[in-house]
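Undergrad: The primary structure of each chain is shown beneath.
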Amino acid sequence: SAVISQKPSRDICQRGTSLTIQCQVDSQVTMMFWYRQQPGQSLTLIATANQGSEATYESGFVIDKFPISRPNLTFSTLTVSNMSPEDSSIYLCSVDLQGYGYTFGSGTRLTVV
Amino acid sequence: GDSVTQMEGPVTLSEEAFLTINCTYTATGYPSLFWYVQYPGEGLQLLLKATKADDKGSNKGFEATYRKETTSFHLEKGSVQVSDSAVYFCALSIQAGTALIFGKGTTLSVSS
Numbered sequence: 001s002a003v004i005s006q007k008p009s010r011d012i013c014q015r016g017t018s019l020t021i022q023c024q025v026d027s028q029v030t031m032m033f034w035y036r037q038q039p040g041q042s043l044t045l046i047a048t049a050n051q052g053s054e055a056t057y058e059s060g061f062v063i064d065k066f067p068i069s070r071p072n073l074t075f076s077t078l079t080v081s082n083m084s085p086e087d088s089s090i091y092l093c094s095v096d097l098q099g100y101g102y103t104f105g106s107g108t109r110l111t112v113v
Numbered sequence: 114g115d116s117v118t119q120m121e122g123p124v125t126l127s128e129e130a131f132l133t134i135n136c137t138y139t140a141t142g143y144p145s146l147f148w149y150v151q152y153p154g155e156g157l158q159l160l161l162k163a164t165k166a167d168d169k170g171s172n173k174g175f176e177a178t179y180r181k182e183t184t185s186f187h188l189e190k191g192s193v194q195v196s197d198s199a200v201y202f203c204a205l206s207i208q209a210g211t212a213l214i215f216g217k218g219t220t221l222s223v224s225s
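For the protein sequence lines, the chains are A and B, in the order given. The first sequence begins at 1 in our numbering and counts up by one. The second sequence begins at 114 in our numbering and counts up by one.
Chain B with its partners taken away, still in its complex shape (with noise of 0.2 Å):
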């Protein structure tokens, strides 16, 4: 069935270090795929989303390129810094107005 997965966690760096958080998907047909950040104690916030191959989404620093080739949709962001500490989660969407499906979650730890 359609899954995504997510590199294991935590993931601890230092302040303005490089970030990349893995994902692959397996799903049929062409999904939509999407970086959620939930901060400690907050809800889901959308970070970035793309509809479809080559698409890059962006927000706040952080991109991510839909790679069909690859199924791969890896979170980066140049220069990470304490407030980007959260747990970030993957997703897919088969199709429009069905529901997501998450990864495991990658939390992330920032230190100064």
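If we strip away everything but chain A, and leave its shape as in the complex, we get (with noise of 0.2 Å):
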């Protein structure tokens, strides 16, 4: 299966300011997926990332808060622009290789304060 590099584990912010994770896979794949989880709650998808085109993003979610760059096959960013409180919440990337599943980085936990 995948092995997918997630960063950072964790962090504190400011409100207004904007943080920006990575994600890191060992293999060649085709969409990548960001989802938000906020404090016990469920997976919500924020966007698919698919390399070469603007991502596509969920009802709810805009590029304008959360940006998302896919430059190649292998890594992809996600902002959380602006941040305010109730942006607060685990995000994590998700990639599907083809007959091993859905796997997913460690998570992001975010604070912002």
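These are calculated hints, taken from the structure and not from any lab test. Hints are not guaranteed to be accurate.
[Unchecked claim] Pairs of lysine-lysine, DSS-like flavour, derived with a Cα cap of 27 Å:
1. LYS190(B) to LYS165(B)
2. LYS169(B) to LYS190(B)
3. LYS65(A) to LYS169(B)
4. LYS165(B) to LYS7(A)
5. LYS217(B) to LYS165(B)
6. LYS173(B) to LYS190(B)
Treat the numbers as computed from the prediction; the structure is a model and nothing was measured.
Using the hints, put the two chains back together into the complex; each one sits in its own frame.
TA: Below is the structure:
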């Protein structure tokens, strides 16, 4: 199965600032997925990142708030912009390696103060 | 739209008890079904999966059978351990390469 390295693992940020989360996969994958897990909640899909095109965002998430880059088939970043305390969550990236199933990064635990 | 419904938690059991966590789904076509587990303070781990009707996924003593007629994928374990205490998520994928859709999660607490 794929190994995903996600960083940072956690951060405490001031409101109004931005944080960029990186996700590195040890295999080439077409799609990478970014999720948010609010405290005590399930995972909600933010966007799907396809290399070479703009990310596709789910309802309730916009590019200005969560810009995503996908420069190649093994790497992606998610930025959480102009943060507020409501953005405090765990952010996870995921890939689907066909035949192996979906693998998740270890997550970035973000606290906004 | 496509969705997953899990039984509400928390589920509290004594060690060696039988576990069932119900999961039903709504989907067009023939989704793949998954159970993920999240131990306290850790990331998401794939527990088991099934890709077609009547498939049974199994791992670490856990089992789930893909029931198309009842659109269900209930998770079972014959004898739980304290170390099974975690949050369990049922999820589906409409087709390969699309994102997973998750249920709300069920917290399991096992006491000795």
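Undergrad: Going through the earlier hints one by one, which of them does the structure break, listed in rising order?
TA: Result: hints 3 and 4 break, sorted rising.
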